[in-house]
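**Q** Below are the chains, spelled out letter by letter.
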Amino acid sequence: MIKKILSSNPLIMLIFSAVVLSAPIWLTPLGANYPDLLQKFAIFGIFAIGYNILFGLTGYLSFGHATFLGIGSYTAVWSFKLLTMNILPAIILAMIVSGVFALVIGYLSLRRSGIYFSILTLAFAQMAYSLAYSVFTPITNGETGLQLSQQDPRVLDAMAGIAVTDGIPSTNLFGTLIKSMDGYFGFYVAAVMLIIAFYISLKIFRSPFGMKLRAIKSNQTRMKYTGFNTRPYLLTAFVISGMYAGLAGGLLASIDPLAGAERMQWTASGEVVLMTILGGVGTLIGPMLGATIIKYFENIFSALNDSELHNIFDFLPAGMQEFMVTVVSPFVGEGWHLTLGLVFMIVVIFLPGGIMQGLNNLFGFIKRLFGLGGSSSSAADTVSKGEAS
Amino acid sequence: MSNILEISGVNKTFGGLHALSDVNLQIEEGETHAIIGPNGAGKSTLLNCCIGRLIPDSGSVTFDGNNMIGMAPHDINHAGMVRIFQTPEIFPDLTLLQNMMIPALAKRDGTFKFNPFKSLVGEKAILEEAHATLADFELDKFHDQLGGSISRGDKRRLELAMGIIQHPKLLLLDEPTAGMARHDTNRTIELLKSERMSNMTKVIIEHDMHVVFSLADRISVLVRGHIITTGTPEEIKNDPKVKEAYLGESEDE
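If you're matching them up, the sequences are chains H and D in order. Per the numbering used here, residue 1 is the first one in the first sequence, and the count goes up by one each step. Per the numbering used here, residue 1 is the first one in the second sequence, and the count goes up by one each step.
No lab work stands behind these hints: they were computed from the structure. Keep in mind it's a predicted model, so treat the numbers as computed, not measured. Take these hints with a grain of salt, some might be off.
[Said to hold, decoys possible] Sample of chain D residues lacking proximity to chain H, with all beta carbon distances greater than 10 Å (derived):
1) Ser21
2) Ser44
3) Pro73
4) Asp136
5) Asn199
6) Thr232
[What the hints assert, rightly or not] No farther apart than 20 Å at their CA atoms in a straight line, the calculated lysine to aspartate or glutamate pairs in the EDC-like style are these:
7) H/Lys217 / D/Asp144
8) D/Lys193 / D/Glu29
9) D/Lys141 / D/Asp109
10) H/Lys217 / D/Glu129
Each residue gets a CB set at the ideal place from its N, CA and C atoms; glycine is no exception.
So here's chain H without its partners, still in its complex pose (with noise of 0.2 Å):
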């Protein structure tokens, strides 16, 4: 039964997008329901299924893909400045921008494969990165950030006879603003994105493309052999995942009007790396997850402090308290980190395949604990077996 709907695109489509469209409300006793961090769920959510494009379906390790997200950044923010405050010329800008430099980059990259490629796309991020806080200050704005300011041209917007007389103009689409409805209207539309961006992955997964995609990550020598010029498409797939991290890097723009060097560090992809594992390399939802636990632990445990701590703790007798408090504080707050780092390496060590190797092991040890089994296979099953859904 679940081998059947999960063969299924439209039921995983409707499943999917009931589930991210009700996050506000089953989000809530999780003390996630604020339209901050559902924004961020969402964004980095599509960061990371661009980026399993990449690196789940062909093992191409990418270490820059930060790069993308602030290209897309400081894209939107130059389509805002110079020609609309709506968001989607914007979204589409960023995507197209971040495209074409993931082809060159890609290009150059993809000359190498393994340890080599992934050097490369680090030493390129660094140079982006470094770029952007010297020779390119007239574009980003150095170290301050590209930010807006009233007196921008707004081409689009003036042809329409959209004048702002009061202060900084903030980001719309189509005239309903961004940060409308408490900000839940920000969220929904990166919802929305995301729910297209996770379609887009789902098809490429279970088209031949993806299955090539994966033969590659597979046997790459086989692949030359048996005929397939691997290197157009490992390209292709860059490309794809750069225009995803460009979208995001759009959204993020979007929602809040500002672009700053930091979002190209190293750091930053790294972190794109660590959801993708965490979650489950090439699994279809599994990097989303992964987006979402890491977004959740930075935003909840960075804002725990010792006072909280002491609530938190508060059911101990006092000499207890004190010592829980004492033991837990470096991994709150400012140490948030250690506690994503102790996570990380559980996961890798025990689950290999990440939270949806977990989650697929607790579902076989229900099965077999109810006796279901032995299901038959059809052409669909076997066809979309290995992609671990």
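Given chain H, work out where chain D should sit, using these hints.
**A** Relative to chain H, chain D alone:
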């Protein structure tokens, strides 16, 4: 009969080692041609020079009227020359069915095709052909298992099936039965003699004389980079040069 593959004057050196010296070989259309020779005679090097893995220092490789030297491996595949490797080169992380679909798609899609919105399940013709070919090789019962999980003999048969599904004009087999148990070897011989494959032009590198003499129409003997003789199995059996260079040695093994 016309020659589908012509190798003439091919030389290849690795440092000081003369792996191939002035090798001339003609493969006729429709024949099964075995290349035998002691270890290190240059048999695999010769195959590698044909399929673009190595580029010979001099000489020419003409396949189906076209010069193959300097062509990329994927273009050589599309010209119709398919190589089966000595250590099975399959896709360990894909199911057997997917392993079969990849070469079938290569045949249809060419060296590159971007079709991310096509459904894999909707590829009825490809699926059907993949199943049918797996069935011919008695592998269909494993079709949803991963390539890496089947036995070594099955992997080698799978790779053979992956070659066959492309309907190659010439199949190059590098020791198709090396490391196989006797009954597995016999199964492979039967497959290579089966209706589907008997008329296919094949070049077989092999150590196992049983395999060579039960399959080959003609045999060439390669010793230290030289082709010392080419002839029918009968001629080769009675050739004193061959006995001295090869058969004598192999009996001592």
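**Q** Against each hint, give a clear statement of whether it holds in the structure.
**A** Hint check results:
Interface exclusion of D/Ser21 from chain H stands, the closest Cβ pair being 26 Å apart, more than 10 Å. In this structure D/Ser44 is separated from chain H by more than 10 Å, as the shortest Cβ-Cβ distance comes to about 14 Å. Annotated as non-interface, D/Pro73 brings its C-beta within 10 Å of a C-beta of chain H; the closest such distance is 5 Å. Interface exclusion of D/Asp136 from chain H stands, the closest Cβ pair being 18 Å apart, more than 10 Å.
Under the 10 Å C-beta cut-off, the non-interface status given to D/Asn199 relative to chain H holds; the minimum distance is some 22 Å. Residue-level check passed: D/Thr232 sits 31 Å from the nearest beta carbon of chain H, beyond 10 Å. For the suggested pair H/Lys217 and D/Asp144, the alpha carbons sit about 19 Å apart, so the restraint of at most 20 Å is met. Distance restraint check for D/Lys193 and D/Glu29: the Cα-Cα separation of roughly 16 Å lies within the 20 Å cut-off, and the hinted pair is therefore satisfied.
The suggested pairing of D/Lys141 with D/Asp109 is violated, with an alpha-carbon distance near 27 Å, which exceeds 20 Å. Under the criterion of a C-alpha separation no larger than 20 Å, the hint pairing H/Lys217 with D/Glu129 is inconsistent with the structure, at around 24 Å.
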